Amino acid sequence: MKLITLFSSNWHPLLSSVGTHSMLVIISVGLGIIIAVPLGILLTRKSGAAPIVLAAASMVQTIPGLVMLGFALVLLGIGRKPALATLTVYSILPILQNTYTGISEVPFAYTDAAKGIGMTPMQVLFKVELPLAVAPIISGIRTSAVYIVSWATLAGMIGAGGLGDWIWTGLATYNTDYILLGAIPSALLALLFSASIALLERLLKPRGLRRIS
Amino acid sequence: MIEFRNVTKRYGRTTILDDVSFTIERGQFVVLIGPSGCGKTTTLRTINRLIEPKEGTLFIDGEDVTHQNPVELRRKIGYVIQQIGLFPNMTVEQNISVVPKLLKHSRAECEAITRDLLALVDMPYEEHAGKYPGQLSGGQQQRIGVLRALAASPPIVLMDEPFGALDPVTRESLQEEVKRIQRKLKKTIVFVTHDMDEALRLADTIIFMDKGKILQMATPEEMLQHPADPLIKSFLGRHTDDEAIAAPKKAEVFMKRRVYTVHENAKTLESIERMRKREVNSLVVIDDDERFLGTVSIEAIKERGKAGHPIREYINGETLTVHRSDDAKEAFDKLLSSSENYVIVLNDDRTVAGIITRTSTAKAMGEALWGEMDA
Numbered sequence: 001m002k003l004i005t006l007f008s009s010n011w012h013p014l015l016s017s018v019g020t021h022s023m024l025v026i027i028s029v030g031l032g033i034i035i036a037v038p039l040g041i042l043l044t045r046k047s048g049a050a051p052i053v054l055a056a057a058s059m060v061q062t063i064p065g066l067v068m069l070g071f072a073l074v075l076l077g078i079g080r081k082p083a084l085a086t087l088t089v090y091s092i093l094p095i096l097q098n099t100y101t102g103i104s105e106v107p108f109a110y111t112d113a114a115k116g117i118g119m120t121p122m123q124v125l126f127k128v129e130l131p132l133a134v135a136p137i138i139s140g141i142r143t144s145a146v147y148i149v150s151w152a153t154l155a156g157m158i159g160a161g162g163l164g165d166w167i168w169t170g171l172a173t174y175n176t177d178y179i180l181l182g183a184i185p186s187a188l189l190a191l192l193f194s195a196s197i198a199l200l201e202r203l204l205k206p207r208g209l210r211r212i213s
Numbered sequence: 214m215i216e217f218r219n220v221t222k223r224y225g226r227t228t229i230l231d232d233v234s235f236t237i238e239r240g241q242f243v244v245l246i247g248p249s250g251c252g253k254t255t256t257l258r259t260i261n262r263l264i265e266p267k268e269g270t271l272f273i274d275g276e277d278v279t280h281q282n283p284v285e286l287r288r289k290i291g292y293v294i295q296q297i298g299l300f301p302n303m304t305v306e307q308n309i310s311v312v313p314k315l316l317k318h319s320r321a322e323c324e325a326i327t328r329d330l331l332a333l334v335d336m337p338y339e340e341h342a343g344k345y346p347g348q349l350s351g352g353q354q355q356r357i358g359v360l361r362a363l364a365a366s367p368p369i370v371l372m373d374e375p376f377g378a379l380d381p382v383t384r385e386s387l388q389e390e391v392k393r394i395q396r397k398l399k400k401t402i403v404f405v406t407h408d409m410d411e412a413l414r415l416a417d418t419i420i421f422m423d424k425g426k427i428l429q430m431a432t433p434e435e436m437l438q439h440p441a442d443p444l445i446k447s448f449l450g451r452h453t454d455d456e457a458i459a460a461p462k463k464a465e466v467f468m469k470r471r472v473y474t475v476h477e478n479a480k481t482l483e484s485i486e487r488m489r490k491r492e493v494n495s496l497v498v499i500d501d502d503e504r505f506l507g508t509v510s511i512e513a514i515k516e517r518g519k520a521g522h523p524i525r526e527y528i529n530g531e532t533l534t535v536h537r538s539d540d541a542k543e544a545f546d547k548l549l550s551s552s553e554n555y556v557i558v559l560n561d562d563r564t565v566a567g568i569i570t571r572t573s574t575a576k577a578m579g580e581a582l583w584g585e586m587d588a
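Taken in order, these protein sequences are the chains called A and B.
Each residue of the first sequence is one higher than the one before, counting from 1 in the working numbering.
Each residue of the second sequence is one higher than the one before, counting from 214 in the working numbering.
One chain only, chain A, in its complex shape:
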């Protein structure tokens, strides 16, 4: 009951928090895509480097979020920038991994045929490899986005704003209602991101690869 009254009196700032939170996710995952997709493609061309880079990326992933935020705080100060930097770093691994495996697993027959009939390496990539790897790449983005929604609440600690503010306030004041006011929308946000990216995946997947009905 109290939660509902709290919500109805606070829905305006809460909504703006949701907006900020979404922005944090979109920007960091967007940066993650810009970094991880080309990097993943590059790794498929330099087969020796792939295990090393992927191992390094998963090692970064194991660093606890709080520690990472601490580092960011020390290096970049307080505010949105260090938060975005941290979140971007975390968003990279799932996308990188899926891009790399997605493209590596395009059957040799397709790339061989593509090369053999006279496609340039770029044409092989854009006309054959990427369309065939689009599903795993997008599902990497989806995993990443869902993660980042929850990591972003943590980032509220170093002044990133967003739904984390509500949770941290609740924790600091021992007020469960505040915690829930942050946690419930962020859970819903995660579901929303997941669902809309799944939809995107269905739309972008080449028609010939969809199940034939």
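Hints were generated in silico from the structure; no laboratory data involved.
As the structure is a prediction and not an experimental result, all values here were calculated from the model.
Check each hint, because a few of them may be wrong.
[Stated by the list, open to error] Listed next, with one range per pair, are the computed distances between beta-carbon atoms: (1) SER58/A x ASP277/B: 43 to 53 Å; (2) GLY77/A x ARG223/B: 53 to 63 Å; (3) ALA332/B x GLN61/A: 50 to 60 Å; (4) ASN282/B x ALA109/A: 16 to 26 Å; (5) TYR224/B x LYS46/A: 39 to 49 Å; (6) GLY48/A x PHE272/B: 30 to 40 Å; (7) GLY19/A x SER366/B: 52 to 62 Å; (8) ARG223/B x PHE126/A: 51 to 61 Å; (9) ILE26/A x GLU389/B: 31 to 41 Å.
Glycine residues also receive a C-beta, built at the ideal position from the N, C-alpha and C atoms.
Following the hints, complete the assembly by docking chain B onto the known chain A.
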């Protein structure tokens, strides 16, 4: 014209191609064959430079292509692979027009090309152009694979075991189609297979390779007659059997050993009973020492036979005979130039060794032509 001049390829210490030189004339259907690892696929992939040779030069129409831009070279050479490799994200039409599009043909030109090519394999444009590879059967997919290779009218088409994964019926019809298309469009085709039947059916020239070297390059006819190596002979298998062709075979090779005999003193009714039981209409008559005396037929007994008389009274002494070590051809000749149905094959002591019938003659000839037969 494709010319290999002293081409060598190594992977680490293993030599895949060992100083290979040959020339393929324009418009020829050339089949590369050999055991796996012999270098046939490497040779093929060297032509469109998917593999770069270590040493040696490759000329196409007199031009050294080892220093040409490989991408441009490949657009002028069709390429078909065993796994088909149709792009699953593209429709039949898009797959066929890939190369014309790379060569900047207009959309209308691409459509015209697709229409013409689909007509070539009896797949109506309206029905198939918009389909995705996943919606086609294996045979249809490989037809499109072949068409894709032909789309930019390349003078040369490379095919790497293109029909290896298809069922025998589909394979055969595709072989015919490819041969027909090759003749019609006058393409130079270089075709890799490990199936000698396929090679013999399609090739103008067969190049037989082993361990990175060419063992023999010859027309199918020549290879069948004079295989240059025991390995080639074993590949040709049932197609050639030089004993059958070269060395004359003895009559005994073709004879049936089961012969129904009757003693000269046997009586007429007893003999008829024996024929009835064996379902034959004549018997070979022998004496006490099992020596051949002649034959007796059911007709002879019916005509002249009296119950209780010994069979020797009705012997036909004119029966054809040959010695078991005589040339089989002689036995066949005797049989074919007479109205008799069989020749009796005799041992040295004139005992009966076997019989050659008209049926066994036909079978022997069939085997000489087509290899071991079941019937």
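Hints versus structure:
Evaluation of the 43 to 53 Å hint for SER58/A and ASP277/B yields a pass: the beta carbon distance comes to about 49 Å. Checked against the hint of 53 to 63 Å, the C-beta distance between GLY77/A and ARG223/B comes to roughly 59 Å, which is consistent with it. Checked against the hint of 50 to 60 Å, the C-beta distance between ALA332/B and GLN61/A comes to roughly 56 Å, which is consistent with it. Our hint of 16 to 26 Å for ASN282/B and ALA109/A holds, since their Cβ atoms are close to 24 Å apart.
For the pair TYR224/B and LYS46/A, the supplied restraint of 39 to 49 Å is violated, since their beta-carbon distance comes to about 20 Å. A beta carbon spacing of about 36 Å between GLY48/A and PHE272/B agrees with the range 30 to 40 Å that was offered as a hint. Here the CB-CB span from GLY19/A to SER366/B is close to 59 Å, well matched to the stated 52 to 62 Å. A beta carbon spacing of about 34 Å between ARG223/B and PHE126/A contradicts the range 51 to 61 Å that was offered as a hint.
Separated by about 59 Å at the C-beta atoms, ILE26/A and GLU389/B break the suggested range of 31 to 41 Å.
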